[in-house]
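Following the hints, put chain P in place on chain C, whose structure we already have.
Protein chains: 2
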Amino acid sequence: MEKYKIVIDTLGSDKGPEEILKGAKRILEENSRANLVLVGDEELINSFNFPRERVEIIDAKETVTNYDNPVEAFYKKPNVSIFKAIERASKEDSAGIITAGNSGALMVASLRYLLDDKRTRPCMAAILPNMQHTFTCLVDTGASIDVGPLQLVEFAHLGSDFMKKLYKIESPRVGLLSNGAEPTKGNKLVKEAHKLLAEEKEINFVGNIEGNKTLSGLCDVLVCDGFAGNQVLKNSEGMAVNLITEMVKFSKKTGNASIMELVGYLMKTYDFESLGAGILLGAKKLVLKCRGSSGAEAIYNASKILINIAENKTLYE
Amino acid sequence: MEKYKIVIDTLGSDKGPEEILKGAKRILEENSRANLVLVGDEELINSFNFPRERVEIIDAKETVTNYDNPVEAFYKKPNVSIFKAIERASKEDSAGIITAGNSGALMVASLRYLLDDKRTRPCMAAILPNMQHTFTCLVDTGASIDVGPLQLVEFAHLGSDFMKKLYKIESPRVGLLSNGAEPTKGNKLVKEAHKLLAEEKEINFVGNIEGNKTLSGLCDVLVCDGFAGNQVLKNSEGMAVNLITEMVKFSKKTGNASIMELVGYLMKTYDFESLGAGILLGAKKLVLKCRGSSGAEAIYNASKILINIAENKTLYE
Numbered sequence: 002m003e004k005y006k007i008v009i010d011t012l013g014s015d016k017g018p019e020e021i022l023k024g025a026k027r028i029l030e031e032n033s034r035a036n037l038v039l040v041g042d043e044e045l046i047n048s049f050n051f052p053r054e055r056v057e058i059i060d061a062k063e064t065v066t067n068y069d070n071p072v073e074a075f076y077k078k079p080n081v082s083i084f085k086a087i088e089r090a091s092k093e094d095s096a097g098i099i100t101a102g103n104s105g106a107l108m109v110a111s112l113r114y115l116l117d118d119k120r121t122r123p124c125m126a127a128i129l130p131n132m133q134h135t136f137t138c139l140v141d142t143g144a145s146i147d148v149g150p151l152q153l154v155e156f157a158h159l160g161s162d163f164m165k166k167l168y169k170i171e172s173p174r175v176g177l178l179s180n181g182a183e184p185t186k187g188n189k190l191v192k193e194a195h196k197l198l199a200e201e202k203e204i205n206f207v208g209n210i211e212g213n214k215t216l217s218g219l220c221d222v223l224v225c226d227g228f229a230g231n232q233v234l235k236n237s238e239g240m241a242v243n244l245i246t247e248m249v250k251f252s253k254k255t256g257n258a259s260i261m262e263l264v265g266y267l268m269k270t271y272d273f274e275s276l277g278a279g280i281l282l283g284a285k286k287l288v289l290k291c292r293g294s295s296g297a298e299a300i301y302n303a304s305k306i307l308i309n310i311a312e313n314k315t316l317y318e
Numbered sequence: 002m003e004k005y006k007i008v009i010d011t012l013g014s015d016k017g018p019e020e021i022l023k024g025a026k027r028i029l030e031e032n033s034r035a036n037l038v039l040v041g042d043e044e045l046i047n048s049f050n051f052p053r054e055r056v057e058i059i060d061a062k063e064t065v066t067n068y069d070n071p072v073e074a075f076y077k078k079p080n081v082s083i084f085k086a087i088e089r090a091s092k093e094d095s096a097g098i099i100t101a102g103n104s105g106a107l108m109v110a111s112l113r114y115l116l117d118d119k120r121t122r123p124c125m126a127a128i129l130p131n132m133q134h135t136f137t138c139l140v141d142t143g144a145s146i147d148v149g150p151l152q153l154v155e156f157a158h159l160g161s162d163f164m165k166k167l168y169k170i171e172s173p174r175v176g177l178l179s180n181g182a183e184p185t186k187g188n189k190l191v192k193e194a195h196k197l198l199a200e201e202k203e204i205n206f207v208g209n210i211e212g213n214k215t216l217s218g219l220c221d222v223l224v225c226d227g228f229a230g231n232q233v234l235k236n237s238e239g240m241a242v243n244l245i246t247e248m249v250k251f252s253k254k255t256g257n258a259s260i261m262e263l264v265g266y267l268m269k270t271y272d273f274e275s276l277g278a279g280i281l282l283g284a285k286k287l288v289l290k291c292r293g294s295s296g297a298e299a300i301y302n303a304s305k306i307l308i309n310i311a312e313n314k315t316l317y318e
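These protein sequences, in sequence, are chains C and P. Add 1 to the 1-based position in the first sequence for the numbering used here, that's all there is to it. Add 1 to the 1-based position in the second sequence for the numbering used here, that's all there is to it.
Please note that the accuracy of each hint is not assured.
It does not matter which identical chain is used: a pair holds within one copy or between any two.
Said to hold, decoys possible - Computed list of lysine-lysine pairs in DSSO-like fashion (alpha-carbon distance at most 30 Å, straight line):
no. : residue 1 : residue 2
1   : K78       : K23
2   : K269      : K250
3   : K6        : K192
4   : K119      : K169
5   : K254      : K4
6   : K253      : K269
7   : K6        : K92
8   : K305      : K26
9   : K77       : K285
To be clear, the hints were calculated from the coordinates, so they are not data collected in a lab.
Bound-form chain C, shown alone:
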C-alpha cells in the first residue's frame, strides 16, 4: 500500500503550533499510510514524541505576518516555516503540503518552487457544496487580488481541469461571477473576461452568474478575481453562521428542541469548516491552505482531503 509523505507547516495558525501538532498526532494515529514532515520549532515538535520512523523535522521558527510584505520576507527572512515547508514539498517524495499560514507568503513560495510550467500563475480554489448537492469550484478565493482578464481565463482552465479530474465531469460548466446575467453586465475586468471566455474553445462557458446564484449549482466552476471570491466565500459562510445562530436562539427561546436536529443536518450538509481548506491549482504539488483559525481538527481534515486527491491518480500525473 502506498505511503504519502505530507509536509505540515506547524506555524501560522492563530491557535498556535500546539494545535497543529495535535492535528499531526491524530493524522499519524488514524492513518497508517501517512508519514509527515513537520516544519517549525524543533524543540517544541520533539516534545510531542512523534514516532521517529514516520516523522522528519525541519527547524524553522520565523513566520510571515499579515503586516509583512511577502515578497520582501521571501528574500529577507531566511528561516520562515511556510517557505521551508513549500521548498521541502517540491521534492519528489512528498505528496503535498498543509499550511494555515499567510496566503501571500504561500503564493510567493509556490511561484518560486511549485509552478507548473504550463501555467502562468496558480490560483486558490475552494470546493463548495451547492444546492444541487454537488460541488462548485470557486476560483480564485483570495490568492490573486488584482488580476487582469487573461488571468481569469487561466483560472477557468485550472478550475475546469480540476473538476474534470477530481469529479469526472466531462465538460465542466464554467460561470463568470458578475452583477447581472447579461454579457453587458460587469466591471471592466469582468466584461473583458466575458468576451475572452466566450471565445475559448476548451471552456464550456455558461455566461455570467449573479451573486444570488453562486451556490445554486448552475455551474461547476465559478470564476472571479480573488477579492470578489473572498467575498463570496466569507459572505456565504457568514450568512450560514448568522442563520444557524438564530436557529439555536429560537430553539432555546421556544423550547423546541427538535430544531437542533435541523441545525445538525444543515451543519453537516453545508460543512464550510471541513471544506474550508483552499486548494492551490496550477502547482506541481498539492497545496492545502487552511484558515488562519485552524485547529487540530482542521489540519486532520485537510490531510484526509490531501490523501483523497493524491489517490486520484489522474489528477497530478
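Positioned in the frame of chain C, the structure of chain P alone reads:
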C-alpha cells in the same frame, strides 16, 4: 395632513406594467395621503379607472433594456418612462419616485435631473437587517460599478449622513469591505480608500470589514464599489433563500411541522424582499429602486418606505 405626490414608473418590471398598476391601486386604497403620478402606457393606465383627482398620467411607452447603453438611450430615445418619471420627480411638488426599471438608466437620469449640488455622484444604498437587530447601510449596491477611491469616500459621507438622519445615530461607524481586517489587505482600490477614510475627520472610520462580518452589525455603514456591493446583497439573499429552502424540505421530510414556525420567524427578521428596495443617496429627491422582479406588493412596500423617509423632516431639508 400633508399629501405626498409619488411618481411611479409603471414600466421596467419583469412582471409587466399591470403588476405595478395593481400596486399603485393598493397605495391609493390604503394610504389617503398619497397621490400619484403614473408614467407609462396611458391607455393601459386609464383602463384601471384610477380616481382622477389623485392621479396624474404621463404617457411614455419606451423602456431601456439591460442590453441598451443607458447614456445613448438618454439622448436617442425621447419617450422612455424612467427618464420621464425622474424628470417629473425633480419638480417641487413631488416627494420622490419609485421604479423597477434599469439601474443604469436611473443613474443617468438622476445625474441629469436630481443631482445634489454638494455631491459628485449619487450612490445606491440598501438598508439591511443585521445580527444586532439594527440596520446596516450598504453603499454602493450596484449603481457605480467601476469607481475610484475618492468615490468610496463620497459613498462613506452619503451613507453616514443618511444613517445620522434616518436612525438618529450620532456618529455612524463606517466600515470598508475588504478581504482581511488589516489595513494592508484589499485590492488597489480598497487600500487607497482605506488611507483616505482614515484621514477623513467627519467619518467615524472603524477599518476594514471582512465578508463574513458584513451583516454582523460591526458597522452602521458598509462602503464598497458597486460590483462588490452587488455581490454582498445578492449573495446574502441567495444564502438565506438556500437555507430556508433546505429547512422547508427538512420539515416535509421529517414531518416536523414546527420548523415552519422558525421559517416564518427568520423570513420576518431577515425580510430581504421588503427591504430590497435600493435608495439613491445624494439626490435631491427620494429615489427608490425596486428589483426588476417586483410585483404589486414590492411597489406598495416601496411607497411605505418612501413616505416614512419623507416624513422624517430632517432627512431632505
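Against the structure, the hints:
no., hint, verdict
1, K78 / K23, "within (27 Å within a copy, 68 Å between copies)"
2, K269 / K250, "both (19 Å within a copy, 15 Å between copies)"
3, K6 / K192, "neither (43 Å within a copy, 40 Å between copies)"
4, K119 / K169, "within (22 Å within a copy, 58 Å between copies)"
5, K254 / K4, "neither (51 Å within a copy, 43 Å between copies)"
6, K253 / K269, "both (21 Å within a copy, 18 Å between copies)"
7, K6 / K92, "within (10 Å within a copy, 74 Å between copies)"
8, K305 / K26, "within (14 Å within a copy, 61 Å between copies)"
9, K77 / K285, "within (25 Å within a copy, 55 Å between copies)"
In the structure shown, a violation is registered for the earlier hints numbered 3 and 5, in ascending order.
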